[in-house]
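For reference, the chains in residue letters:
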Amino acid sequence: MKLSALNTAVVNGALIAASVSLILLSLFIGPADIAPGDTLAALFTDQGAISAIIREIRLPRALAAWLAGACLGAAGAGLQGLLRNPLADPGVLGVSAAAALGAVVALYFNFAAFAFWTTPVAAILSALGATALLYVLGAGRVSTARLILIGVGFSSFCGALISLAMNLSPNPFALTDLMNWLFGTVVNRSFRDLAIAAPFAGAGLVMIAAVAPGLAALTLGEETAASIGANLKRTRALVIAGAAFLVGASVSVAGAIGFVGIAAPHLARAFAGQNPARILLPSIMLGGAMLAGADLFIRMMPFDQELKLGVAAALIGAPGFVWIAATSKRIAS
Amino acid sequence: MKPILELDRVSVALSERAVLNNVSCAAVEGEFIGLVGPNGAGKSTLLRAAAGLIAAASGMRSLSGKNLDKLPPRERARRLAYLPQMRPVYWGVPARAIVALGRFAFGAPLTEGEQDAAAIDRALADCAAAHLADRPASTLSGGELARIHLARALAGETPLLLADEPIAALDPEHQFSVMALLRQKADAGRTVIAALHDLPLAARYCTRIIVLNAGAIAADGAPETALAPDLLRDVFRVDGAMERHGEETALRLGLMQR
Chain E
26 MKLSALNTAV VNGALIAASV SLILLSLFIG PADIAPGDTL AALFTDQGAI SAIIREIRLP
86 RALAAWLAGA CLGAAGAGLQ GLLRNPLADP GVLGVSAAAA LGAVVALYFN FAAFAFWTTP
146 VAAILSALGA TALLYVLGAG RVSTARLILI GVGFSSFCGA LISLAMNLSP NPFALTDLMN
206 WLFGTVVNRS FRDLAIAAPF AGAGLVMIAA VAPGLAALTL GEETAASIGA NLKRTRALVI
266 AGAAFLVGAS VSVAGAIGFV GIAAPHLARA FAGQNPARIL LPSIMLGGAM LAGADLFIRM
326 MPFDQELKLG VAAALIGAPG FVWIAATSKR IAS
Chain L
2 MKPILELDRV SVALSERAVL NNVSCAAVEG EFIGLVGPNG AGKSTLLRAA AGLIAAASGM
62 RSLSGKNLDK LPPRERARRL AYLPQMRPVY WGVPARAIVA LGRFAFGAPL TEGEQDAAAI
122 DRALADCAAA HLADRPASTL SGGELARIHL ARALAGETPL LLADEPIAAL DPEHQFSVMA
182 LLRQKADAGR TVIAALHDLP LAARYCTRII VLNAGAIAAD GAPETALAPD LLRDVFRVDG
242 AMERHGEETA LRLGLMQR
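Going down the list, the sequences are from chains E and L.
The first sequence begins at 26 in the numbering used here and counts up one residue at a time.
The second sequence begins at 2 in the numbering used here and counts up one residue at a time.
Hints are not guaranteed to be accurate.
Covered stretches of chain E (in silico footprint by chain L; criterion: 3 or more residues with CB under 8 Å from a CB of chain L, positions within the stretch not fixed) [to be verified]: (1) 236-246; (2) 254-261; (3) 295-302.
DSBU-like, lysine-lysine: derived pairs with alpha carbons at most 35 Å apart [said to hold, decoys possible]: (4) 3(L) to 71(L); (5) 67(L) to 186(L); (6) 3(L) to 258(E); (7) 258(E) to 71(L); (8) 3(L) to 67(L); (9) 186(L) to 3(L); (10) 67(L) to 258(E); (11) 186(L) to 258(E); (12) 186(L) to 71(L).
Residues of chain E clear of chain L, computed beta-carbon distances all greater than 12 Å [claimed, not checked]: (13) 34; (14) 54; (15) 81; (16) 105; (17) 108; (18) 137; (19) 332; (20) 341.
If you're looking for bench data, these hints aren't it; they were derived computationally from the structure.
A quick note: this is a predicted structure, and the numbers were derived from the prediction, not measured.
Backbone N, C-alpha and C fix where the C-beta goes; we use that ideal spot for every residue, glycine too.
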């Protein structure tokens with residue numbers, strides 16, 4: 026027990042250090058040619074234009090990428106624990122698709138003309154709306170298998186509506202904007218964008234953290250979990266609402282990004298064992314590190330066309346994920 | 002003596018089908034009750050209802066004198082442990098972590114205090130499973146896993162233990178040792194109610210037998226009176242009688258002669 030507690034602390038410490046290093050490293054890389062020494066000076070002291078680039082362009086962009094990934098990792102770990110299904114993630118329940126649809130609708134009808142925050146807020150609200158509908162349709166009483174099936178149907182329907190919007194899109198510029206939301210980007214993110222997402226991300230993280238014991242109890246199935254004193258109604262409600270907040274926050278800063286929500290918890294299991302309560306923090310850190318790393322990769326690529334964040338995350342993350350999924354003994358029982 | 006568990010005219014319907022009809026019984030400290038009955042008699046439903054895991058259509062359930070319906074989940078879990086018939090394990094956690102979940106309702110749910118650790122070690126030792134503690138659950142045999150789950154139910158050291166077929170997956174040696182263990186827990190002052198299919202073992206180790214048939218109690222009493230030849234024929238459709246073998250009596254069963 027002592028040894029496993031130490032292991033957990035080492036794994037968590039290493040993952041937190043990795044997240045912080047990736048965010049810091051992001052400050053040094055970008056189109057503007059700034060010497061490494063100047064970067065640090067510009068971060069901590071006012072160096073005029075260079076400080077503006079570091080503090081207002083590179084820092085919020087790096088934080089946005091990390092936050093989006095961290096939220097997806099937390100949502101994925103929470104949902105997999107709740108549904109006791111290694112295939113579950115926000116995408117499976119249709120929450121991601123609903124959030125993306127919200128953003129697409131806002132763009133399609135050009136709500137952004139009214140205020141900059143309409144698109145991210147639309148993403149968050151439709152993630153919440155989708156979750157509420159999911160809950161009304163069954164989460165309170167039906168089995169988790171049925172919940173997943175409802176989510177899959179949901180996801181398909183939202184995907185169809187997004188495709189419809191793209192088909193009917195009036196001009197190629199709107200299409201480019203839609204692409205940003207569908208494949209993810211953190212280019213030009215500001216602290217203003219982060220400020221919209223942060224409260225939702227924070228609330229979601231608190232909700233998921235609060236049900237960590239319930240998730241551990243669910244290792245033994247719903248009947249035993251209830252018998253040992255877990256409050257299943259509360260656990261279900263908090264995970265599902267928390268996932269909605271987290272996915273909404275993630276989509277609002279970075280667009281819809283798949284893969285991280287399902288991959289981060291599995292990678293966390295490879296490092297931290299399979300206890301669903303113990304993988305929450307590692308999943309958050311790994312999710313954040315994956316997207317912070319992916320964004321770093323994008324900035325180092327010599328393409329004229331910017332690589333989308335979701336594309337880069339899957340390009341570098343997926344081969345490693347496949348390798349771990351095929352070989353790790355700790356990833357699934 | 003004040004009953005630990007009291008069921009007063011409890012009826013349960015599942016999917017609108019009546020499974021238990023006006024079942025009344027009470028269990029006191031020190032009893033090891035064998036709950037027996039043919040398949041579909043309602044044994045598991047009775048245990049679930051007693052554990053507060055399903056709602057009763059009517060009737061009153063009380064645990065240590067408190068209304069079971071009004072007890073919060075954690076308080077209920079400190080008074081009773083329940084071992085279900087189906088015992089899934091969804092993640093490849095070590096066996097000890099499963100047993101540790103039996104302490105969920107005690108102290109902070111995810112921390113293991115000294116008392117928790119001692120109770121977990123005692124439960125593992127009771128079930129002859131201490132050597133399995135560090136093995137991942139997915140590598141255990143069916144019988145080994147059954148003992149780990151029993152240890153989980155014992156780890157709470159609750160006044161009442163409800164066990165649904167605790168010896169179903171076990172080899173003969175472990176069937177005897179688990180029955181002896183449950184009897185020992187009862188003798189030490191706890192109350193054990195176990196759904197069982199092995200009537201001779203139930204007759205040998207239980208202090209009391211409740212026979213359930215078609216959702217109602219058909220007999221309730223000491224093994225030799227509850228498992229009388231007439232009842233065995235009517236309810237179980239087998240011939241049977243208590244036979245003396247030197248110092249011991251044993252229930253001997255045979256196919257019914259028509």
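Consistency of the hints with the structure:
Only when three residues or more bring their CB closer than 8 Å to a CB of chain L does the claim for the segment 236-246 of chain E stand; here the count is 8, and the claim holds. For a cut-off of 8 Å, the count of residues in the segment 254-261 of chain E with a CB near a CB of chain L stands at 3, and the three-residue condition holds. For the segment 295-302 of chain E, the stated coverage by chain L is satisfied: 5 residues place a CB nearer than 8 Å to a CB of that chain, which reaches the threshold of 3. Under the criterion of a C-alpha separation no larger than 35 Å, the hint pairing residue 3(L) with residue 71(L) is consistent with the structure, at around 19 Å.
A threshold of 35 Å between alpha carbons decides the hint, and for residue 67(L) with residue 186(L) the separation of about 23 Å falls inside it, so the pair holds. Proposed proximity of residue 3(L) and residue 258(E) is supported: the alpha carbons are some 33 Å apart, at most 35 Å. Under the criterion of a C-alpha separation no larger than 35 Å, the hint pairing residue 258(E) with residue 71(L) is consistent with the structure, at around 16 Å. Distance check on the hinted pair: residue 3(L) and residue 67(L) sit about 12 Å apart at the alpha-carbon level, within 35 Å; holds.
Only pairs whose Cα atoms come within 35 Å are accepted, and residue 186(L) paired with residue 3(L) is accepted, the gap being roughly 18 Å. Distance restraint check for residue 67(L) and residue 258(E): the Cα-Cα separation of roughly 23 Å lies within the 35 Å cut-off, and the hinted pair is therefore satisfied. With a CA separation close to 33 Å, the supplied pair residue 186(L) and residue 258(E) stays within the 35 Å bound. Of the pairs offered as hints, the one joining residue 186(L) and residue 71(L) holds, with about 28 Å between alpha carbons and a cut-off of 35 Å not exceeded.
Once the 12 Å rule is applied to beta carbons, residue 34(E) is consistent with being away from chain L; the minimum gap is 14 Å. Every CB of chain L is more than 12 Å from the CB of residue 54(E) (nearest about 38 Å), matching its label as outside the interface. Interface exclusion of residue 81(E) from chain L stands, the closest Cβ pair being 41 Å apart, more than 12 Å. Residue 105(E), annotated as away from the interface, has a beta carbon of chain L within 12 Å; the closest lies near 9 Å.
Annotated as non-interface, residue 108(E) brings its C-beta within 12 Å of a C-beta of chain L; the closest such distance is 10 Å. Non-interface call for residue 137(E) relative to chain L: holds, since the shortest CB-CB distance, roughly 43 Å, exceeds 12 Å. Distance check on residue 332(E): its Cβ is at least 35 Å (rounded) from any Cβ of chain L, clearing the 12 Å threshold; non-interface status holds. No beta-carbon of chain L comes within 12 Å of the beta-carbon of residue 341(E); the shortest separation is about 27 Å.
This entry does not satisfy hints 16 and 17, going by the numbered hints stated previously.
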